[in-house]
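The residues making up each chain are set out below.
There are 2 protein chains.
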Amino acid sequence: MMEIVIKPIGVVRVDVDDDIVRSSLDGVSGRIEIFEEYSDGLEGIDGFSNIIVLAYLHKVSEEQRRVLKVKHKRLIRLGFSIDELPEVGVFCTDSPHRPVPIALTIVKLLGRKENILYVENLDLYDGTPVLDIKPYTSDRVIKDLKFPEWYSRLMKKVEEKLGRETNL
Amino acid sequence: MMEIVIKPIGVVRVDVDDDIVRSSLDGVSGRIEIFEEYSDGLEGIDGFSNIIVLAYLHKVSEEQRRVLKVKHKRLIRLGFSIDELPEVGVFCTDSPHRPVPIALTIVKLLGRKENILYVENLDLYDGTPVLDIKPYTSDRVIKDLKFPEWYSRLMKKVEEKLGRETNL
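Which chain is which? The protein sequence lines are W and F, in order. The first sequence lines up with residues 200 to 367 when you count with our numbering. The second sequence lines up with residues 200 to 367 when you count with our numbering.
Treat the hints loosely; a few may be bogus.
In this list, chains with the same sequence are indistinguishable; a pair is considered to hold if it fits within one copy or across any two.
Heads up, simulated BS3-like pairs for lysine-lysine below, C-alpha to C-alpha not over 27 Å straight-line [said to hold, decoys possible]:
| id | residue 1 | residue 2 |
| --- | --- | --- |
| 1 | Lys312 | Lys342 |
| 2 | Lys312 | Lys268 |
| 3 | Lys312 | Lys345 |
| 4 | Lys342 | Lys307 |
| 5 | Lys345 | Lys272 |
| 6 | Lys355 | Lys342 |
| 7 | Lys312 | Lys270 |
| 8 | Lys268 | Lys307 |
| 9 | Lys206 | Lys270 |
| 10 | Lys356 | Lys342 |
| 11 | Lys206 | Lys258 |
Because the hints were derived from the structure by calculation, they are not lab data.
Please model the complete structure; the sequences and the hints are all you need to start from.
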């Protein structure tokens, strides 16, 4: 199959270490710096409360790209034991370990100054290449969602432990 | 800036011509064929009513990748005149004409047979390389959305003409 070559349109900037980003349940504040040659593409974005960032997880190793099944290990921090966590395919999780390590992060857009977007809820490390920005439009909200049993069960346990929902 | 090389994990299969896909307001039915080497990554996906497909729009030309401002020309079909449509940056639209032509498509998952996902609402042509599959989990639903004035105005006009919402 073909190889695809892409060039990032910008970069993530956060002022905290990777560890802080990784351990933050709701992400951190930061900036998306869009390279100046693409600035015109941002016109009209002001006023969207949320935007979608597609980013390339450049720190994922070759070995981690070969991972196809994972456990939600992030939940161990919430008091889960490793045995409680189901092992599932990477395509039904947001694990960074996946064949094509592209992240989809929905962030709150706080404001913009020229080619710099100020955002909240970033789960991306400083220096992460940004591939695309898309608006969170009303058609992204899907109603009548259904989930597999393993997911519903896990979500319920998270809510019991945390007292609220979190990203799974 | 760096160049990133990625290899698709699968391919979109639809049994209709590009024209039909392009002119369909809610997308078409089809299949996502995940290459066999990645099949294990699908385990546990059954039961999600909706999944997110990231795909590489391979038919977008070099010239179309240089486009930074667009009008929602798809709406001309609904009776809009070109002058009624605001010109906005590509990063606040889903235009396929953008520097890194990656599509984010939310599809309904009807079922799976081994490495083949049967889906609805595809706005992707037959043969489109698939880069990633992610679950549509409950945290993708954002509440209290706000939009720019140009977007709200456009959406309102679409609803008046069409009698319902559509993807913008």
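Q. If you check each hint against the structure, which ones fail?
A. Of the numbered hints given earlier, the structure breaks none, since each of them holds.
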